[in-house]
Amino acid sequence: MSARTILFQGGRIVDPSQGLDGVLDLLVVSGKVAKVGKGLEAPENARVVSCEARLVLPGLVDVHVHLREPGAEHKETIASGARAAVAGGFTSICAMPNTDPVIDSPATVGFVAAAGREAGLARVYPVGAISVGQRGEQLTEIGELVEAGAVAITDDGSPVMDSGLMRMALEYSRAFDIPVADHPEDMGLSRGGVMNEGLVSARLGLQGKPNASEDVHIARDLLVAELTGGHIHLQHVSTRLGVDLIRRAKARGVRVTAEATPHHLLLTETSVEGYRTDAKMNPPLRTEADRAAVEEGFLDGTLDTLATDHAPHHYDEKEQAFDDAPFGIVGLETALGLLLTHFVEAGKLDLLALVERMSLNPARAFGLKAGTLADGAPGDVTVVDPELEWTVDPTAFHSKSRNTPFKGQVLRGRAVLTVVAGRVVHEL
Amino acid sequence: MNRTASSLGKDLVGIEGLSADQIVSILDTAEPFKEISERRIKKVPVLRGKTIVNLFLEPSTRTRISFEFAEKRLSADTVNITATGSSVVKGETLVDTARNLEAMRIDMVVIRHGSSGAARFLAERIPSNVVNAGDGSHEHPTQALLDLLTIRDHFGKIEGLKVCIIGDILHSRVARSNIFGLLKLGAEVAVCGPMTLLPTGIDALGVHVFRRVEEAIEWANVVNVLRLQLERMKAGFVPSLREYNRIYGVSTARLKKAGPDFLVLHPGPMNRGVEIDSDVADGPHSVILRQVTNGVAVRMAVLYLLAGGMPEQAEAAKQGDVG
Ligand SMILES: [Zn+2]
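Sequence order for the protein chains is Y and E. First residue of the first sequence? That's 0 in numbering that gives the first Met the number 0, and the numbers climb one at a time after it. First residue of the second sequence? That's 0 in numbering that gives the first Met the number 0, and the numbers climb one at a time after it.
These are calculated hints, taken from the structure and not from any lab test. Quick caveat, the model's predicted, so the values are computed rather than measured. Here a beta-carbon is modelled for each residue, glycine too, at the ideal position from N, C-alpha and C. Each hint should be verified, as a subset may be incorrect.
Stated by the list, open to error - Calculated Cβ distances over 10 angstroms to all of chain Y for the following chain E residues:
hint : residue
1    : Glu37
2    : Asn244
3    : Ser285
What the hints assert, rightly or not - Listed next, with one range per pair, are the computed distances between beta-carbon atoms:
hint : chain 1 : residue 1 : chain 2 : residue 2 : range
4    : Y       : Met186    : E       : Arg289    : 43 to 51 angstroms
5    : E       : Thr199    : Y       : Thr390    : 32 to 40 angstroms
6    : Y       : Ala345    : E       : Ala82     : 43 to 51 angstroms
7    : Y       : Thr269    : E       : Glu30     : 33 to 41 angstroms
8    : E       : Thr251    : Y       : Gly191    : 30 to 38 angstroms
9    : Y       : Leu138    : E       : Ser277    : 55 to 63 angstroms
10   : E       : Ser277    : Y       : Pro100    : 53 to 61 angstroms
11   : Y       : Trp389    : E       : Ile246    : 56 to 64 angstroms
12   : E       : Arg98     : Y       : Gly228    : 54 to 62 angstroms
13   : Y       : Arg275    : E       : Thr199    : 16 to 24 angstroms
14   : Y       : Tyr314    : E       : Ala252    : 51 to 59 angstroms
15   : E       : Gly200    : Y       : Gly228    : 35 to 43 angstroms
16   : E       : Gly272    : Y       : Thr269    : 39 to 47 angstroms
17   : Y       : Pro100    : E       : Arg245    : 48 to 56 angstroms
Make the full structure from the sequences, and use the hints.
Written out as structure tokens, the structure is:
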């Protein structure tokens, strides 16, 4: 099929799966990678894309996205979220199950997968719940969820508080080779909190969530993973001790992967000053020492996966008193620009390492066929103009929601062409 | 009108944003207003023609009545909106309420709300003057101002005094506003209470922390006793009211350690026999009723200044000849 045949000509191809970083051509035939090399010939009817001064990357992967469908389609739908994803350079996204109803049955898993296919933009991978209704009591039919297309399980939005249930999930899931993702938060320690507990919360009179609420839970998850041999995937790590606990567990050989989010890498609790609800998120933005530790963990690979925790909310839900506003920010359309600007251009991380954390590692963690431009791989490609300067303008988002603390930031670097299975799904 | 440095600006959202000069000018402005409450006809025409909405989305009889008296004595027209009677319970958001108030062209809003930051939220969205009458656990600026006035009345100054706030500091907007105000005016400030009710990072605000109420009383010239909300016991912050009274209650026996010139304040309403014993509340050191009287004068001063009045004209405003 020539429509899905593209020759990317003369771009800087960065593919950590093959250790590739050089000016080369990439040929996608019938939706699959056919060849990477110099001076490739375009087959008849192929689209030829000149990629001079562009980066050509394996399509980006985000394993932590809230799409709000079913149940809160005014915030986001699977289609609008998938559109935001490709606009941000993501070709594969994993949809969290804390929808209404919760994605805890083969039917609801199938619904998300089908709606994703129908949208025909980014690949949408459903993530199933760990417990029925995410109530933390009874395991879902995990085997059936996997058969229906779930690539992982999580109760994200809430943690799994019962350590026994977590043990069962980690043990049971081993047969299906999927990760158990967890939102680490000891609810007893964080109850009522709306921001980080510390000096800023003391001054603003807002209830805080202490670091310990996250640390205790990370430690628990790591120990239970060690006990069971299951794969724990720790979501949105925000504390300095949490990073250290993961680093040590990895050194011991515990099967753990972990996320850093752009906001925890770049912002601190001071963003909440003025009761700015766009900086209200869970886990909360913490201190500079925590931010620096998250950055260090991200740079040394302890936090191996960049995830946006894209959490769309309608503007009038954020336009409330701080206590009443929901947690979360959108992230799909800003992540790449933020990371290119503040990490690559700032000289903290080279491109190969960034692509590893935004494509290869997340794909591996969730067992997705993605994250590589090796022969025969899916033809999912993100072409980036690294020089393109742009201003974060939430009114121009493809997401249905606009809740971002990065509004107005000038970034350099943006996806100009996103291709899924050889089809152009976004072009700037 | 030519505004000076003592002008308050559009809103009074908290003490944290005020300068020491601004605080002193509010206290000075309150002085002449005290006398109005002593008259047979307790009314001056300073805010005649102004419309003030008292938007109390969390119950508080005392503060609301104090504001109402202040407004009426300044001849303003007032409307009260309380939580149970408002559309807020029907799901209207604060931003809708703000838009409606704006559409009604009112001049001032006095807001009490259960969420920290709510007063500021409103102030940023409407052109009317906004006075914070207590927002969540954040600030209660007029309460702090009346406390400062009461302390200044007695000692003739604030600077150099030692003031200890005793009780639930974690959830208290009164404590935060007091801490900001007292420190700005040069007092030394301490807090004392169960460790479960002291916020993390409180010492970074520049206050001492006493673990024992006896030490606090011995140290202080003034103790400001806060109300223990009974829900705090149910939520596990303190084991029992009985224990709270035994360990943290301000009693006559404990006041034996106090110096002769010693004040007890309480923002009310009191739980007699819990945080304060009756013989202390009604005793010679107590200025609790003076606080109530000063509350009206301070609120008159705040409303007068926000409406564009100048501190030095407050004396004349009493006569009603300020236009
Ligand atoms: Zn989460």
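Verify this label for me: serine 285 of chain E is non-interface relative to chain Y, using a Cβ-Cβ cutoff of 10 angstroms.
Consistent with the label, serine 285 of chain E stays out of reach of chain Y, its closest Cβ about 27 angstroms off (over 10 angstroms).
Verify the CB-CB distance for tyrosine 314 of chain Y and alanine 252 of chain E against the hinted window 51 to 59 angstroms.
holds, 57 angstroms
Please check whether threonine 269 of chain Y and glutamate 30 of chain E have a Cβ separation lying inside 33 to 41 angstroms.
With a Cβ separation near 39 angstroms, threonine 269 of chain Y and glutamate 30 of chain E satisfy 33 to 41 angstroms, so the hint holds.
Between tryptophan 389 of chain Y and isoleucine 246 of chain E, is the Cβ distance one that fits in 56 to 64 angstroms?
holds, 60 angstroms
Checking a non-interface call: every C-beta of chain Y should be farther than 10 angstroms from the C-beta of asparagine 244 of chain E. Is that right?
holds, 26 angstroms
Quick check: does the Cβ-Cβ distance between threonine 251 of chain E and glycine 191 of chain Y fall within 30 to 38 angstroms?
Roughly 36 angstroms apart at Cβ, these two residues keep to the hinted range, so it holds.
Is it true that the C-beta distance of methionine 186 of chain Y to arginine 289 of chain E lies inside 43 to 51 angstroms, as the hint says?
This hint holds: roughly 45 angstroms between Cβ atoms.
Tell me if the beta carbons of threonine 199 of chain E and threonine 390 of chain Y are separated by a distance inside 32 to 40 angstroms.
holds, 37 angstroms
Could one say that the CB atoms of serine 277 of chain E and proline 100 of chain Y fall in the range 53 to 61 angstroms?
holds, 56 angstroms
Could you tell me whether the CB distance from leucine 138 of chain Y to serine 277 of chain E stays inside 55 to 63 angstroms?
holds, 58 angstroms
Satisfaction of the hinted span 35 to 43 angstroms by the C-beta atoms belonging to glycine 200 of chain E and glycine 228 of chain Y
holds, 41 angstroms
Distance restraint evaluation - alanine 345 of chain Y, alanine 82 of chain E, Cβ atoms, bounds 43 to 51 angstroms
Holds - the Cβ-Cβ distance for alanine 345 of chain Y and alanine 82 of chain E, about 49 angstroms, lies within 43 to 51 angstroms.
Figure legend: structure checked against the earlier numbered hints; every hint is met.
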